[in-house]
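Go by the hints and put chain B with the ligands onto chain A.
Spelled out from the first residue to the last, the chains are:
Protein chains: 2
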Amino acid sequence: MGKNLTTRKEDYSKWYNELVVKADLAENSGVRGCMVIKPYGYAIWEKMQAALDRMFKDTGHENAYFPIFIPKSYLSKEASHVEGFAKECAVVTHYRLKNAEDGSGIIVDPEAKLEEELIVRPTSETIIWDTYRRWIQSYRDLPLLINQWANVVRWEMRTRLFLRTAEFLWQEGHTAHATEQEAIEEAEKILDIYTEFAEEHMAVPVIKGTKSEGERFAGAVETYCIEALMQDGKALQAGTSHFLGQNFAKAFDVKFANKEGQQDYVWATSWGVSTRLMGALVMTHSDDNGLVLPPKLAPIQVVIVPIYKGLDQLEAISAKVKPLVKDLRAKGISVKYDDRDTHKPGFKFNEYELKGVPVRLAIGQRDLQNDTFEVARRDTLEKETVKASEVIDHIEELLQKIQENIFNRALAYREDHITRVDSYEEFKSLLESKGGFFLAHWDGTPETEERIKEETKATIRCIPFPAEEEDGKCMVTGKPSARRVLFAKAY
Amino acid sequence: MGKNLTTRKEDYSKWYNELVVKADLAENSGVRGCMVIKPYGYAIWEKMQAALDRMFKDTGHENAYFPIFIPKSYLSKEASHVEGFAKECAVVTHYRLKNAEDGSGIIVDPEAKLEEELIVRPTSETIIWDTYRRWIQSYRDLPLLINQWANVVRWEMRTRLFLRTAEFLWQEGHTAHATEQEAIEEAEKILDIYTEFAEEHMAVPVIKGTKSEGERFAGAVETYCIEALMQDGKALQAGTSHFLGQNFAKAFDVKFANKEGQQDYVWATSWGVSTRLMGALVMTHSDDNGLVLPPKLAPIQVVIVPIYKGLDQLEAISAKVKPLVKDLRAKGISVKYDDRDTHKPGFKFNEYELKGVPVRLAIGQRDLQNDTFEVARRDTLEKETVKASEVIDHIEELLQKIQENIFNRALAYREDHITRVDSYEEFKSLLESKGGFFLAHWDGTPETEERIKEETKATIRCIPFPAEEEDGKCMVTGKPSARRVLFAKAY
Ligand SMILES: [Zn+2]
Ligand SMILES: [Zn+2]
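Residue numbers (the working numbering), protein chains in the order written: chain A, 1 to 491; chain B, 1 to 491.
It is worth saying that the hints were derived from the structure and are not from the lab. Mixed in with the good hints, there may be bad ones.
Heads up, the list lumps identical chains together, so a pair's fine if it works in one copy or across two of them.
Dumping the calculated BS3-like pairs for lysine-lysine here, alpha-carbon to alpha-carbon at most 30 Å [stated by the list, open to error]:
no.	residue 1	residue 2
1	Lys296	Lys326
2	Lys189	Lys47
3	Lys87	Lys113
4	Lys98	Lys453
5	Lys113	Lys98
6	Lys47	Lys98
7	Lys57	Lys296
8	Lys387	Lys14
9	Lys322	Lys57
Keep in mind the model is a prediction, meaning the values are calculated, not measured.
Pulled out of the complex, with its shape left as it was, chain A reads as follows (with noise of 0.2 Å):
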């Protein structure tokens, strides 16, 4: 296995869409804009869902499964969500196939067309509130907290793997509460966790902070994010959270008896991560000779490859490493012992370092003889020499510090890569020159984000939140603004 890796200086893109085919992560499918997940990138993904789903589980959320089809009337219901979707999806007209009468093969059958036209689920606000409205009734059926992890799909153009697919899969919680304060918490309780989980399991730095009316989600109040800075100096919205105020509950008619007995519509979030979560994890750490992975989420953290020449050296190798390999599943650490005789041990050094596992033993008849392993880290390439009675020790430090090196390395690489400008000619100079996040003052109207976004196609990814008051002048218009927002060209 050679790597030949395009570099990231050659062609950052490029360099994307070959490390995740190769590091075997996903590969596009024969069907237009889907892919296929393969079993280590899906892997990764499980390990990202276990986290998650712990996450909701202690903050009181339960897992369910709603239709995957959406009635077009269902979609309709609430104005601005429809034609936030309307574009992209994927409509279900027919319910039979069969064999055409003139023998050419294989054809839709014109008899069995739908008196309604389903949707794909984009996304699955509407099926839900027309179910919540049969689930509440009174103040006591509140609040409501439901997560589903589904597959959805947005007939999206131009795909790229992970980052854009017309499929992709997520979690996408929607709860249902008695007042617009405590909707509007739980909102901001799932941004925190969005935050902890990219940050403590990824190892990715994020920024925390709500989005302008133009990029908000289509039939929200309000809608909360989280932006990841990738090594090419774009951004990538990695989560986002909705307050929903009582749009869905007014489009569906779900009211609830409150303590009173008075009748009033129910407040609601919706929130969601995908598997664009892999995009931002491989665009973040990884480097020219492949994958690096947190070891939090690591499918395989520790390799062990046997340097030997014939059976009996392999023999007295196998002899030493199985017991390490016992004693470290032990401590809940994922060990792959390599001894394929198929494949020589630079070729396992590669393959290793391509898919981006953490810590590397090596053990040869040196070692052997000195009661040692040859340690490597993925992060740095480091290798050091260990004895074999501190090697357990050694492994359970190395893959803690992996786990903040590459977070702090991430973090120190966004720091750098956040400029504040006060003057619109910098902003595009710097934007092209420099890339990153910008903090600038904005006018806070459409119209000057729209023109900033034509002209230099940075966008507004977030009004960071809490939010830093500071008076100033929009960068563009120079009318009045209370605070600086973040802009950037965008995944």
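Only chain B with the ligands this time, still in chain A's reference frame:
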């Protein structure tokens, strides 16, 4: 919460439908044939998933994810496969909605018609084997042992919660092997896993066997299955594992170089269980008071209900209960302490009986004085008073006993309802009066099988495996037969 369940005797089918809804497992949605799986039902499904996933991984399988859409041309490549699924396909024909020009609302944009229609997967053999062509070149790439957790859609005209729904959740394994023998062994190994899961986790006894040709999966050479018996004497197919021969490898041109360097088609299996198992679970154990859940799959294994007047009494009880809750959780037992003051103990007893919680503890003033708990088991409804110092051991034992007891009860029912018959008259008469499984001789022809089905609605559930050879004569035609096969009416 009054239970007011229809009894099994009154109307078994109605009892089932009511129970699924009242026990908060699932309900019908606004989308024809698609169900909503409610949190309590989904929590059981998650426990099923976790146990199965562990068993698959322990036998070397990995998870991956393939597209939900299957191009019509893919589905058409294996002739008997498409014939089996064509009549129940949800077909995506368009990818955009728009506002009607006459202002009548949202319509499907006729200009956004797909060049090739996409089928929402009814099963994934075709898209997966199209992918395997890229993954398999050499015997070194084999075996490929992959599983997928996914939703699938089969457009059934008559649907019932869990048992037959247009959309359902399942796992589908798809493996590729170098030899016929290895593929057959894989199909049989999976059947053993399914059997172990059904009997040891669900406490549902099953009979293993192979399907007759007429009941085989569309595209399979051999279909293995497990069959369970419900309390109304009808059979339910609880899982299938297919040996696919080289059918899909040939349809998708998947060849590999063997050790001698020769090209050969790859051998395949596929296998699956679905949310249908939820139906089997409900129908096997539950009674006229509600669900009876096996402790291994119960979301709540133990519920504790305080019986008190006033806050002082509640506080005294809580002081006693909270350390117990902690100790039980430390042993991995899931406990709920229901101290809601909005509901009376009687209401709570009813609710947890309906929801099948295996063990219920109650504690009132007298228990407090005597240092005891009242312990009730759901399967037999028996109660006893247990000393506080013994209650943890007692609960641990009881959970195990309940798991065993409901299995043995279901097994006794099943054994009592397997009848060996030698004449068609006897078969028809006992099928109506007694129901259950029938072991009878059959001449092996599709014609006789079809005749029996038309005249009695009974089908061949399986040819029990391993086969018990016994010379005999077909109960219908008198032609020679080498073994008895298993008949029943089925879900
Ligand atoms: Zn050290
Ligand atoms: Zn006892």
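Would you pick out the hints that fail for this structure and give their numbers low to high?
6, 8
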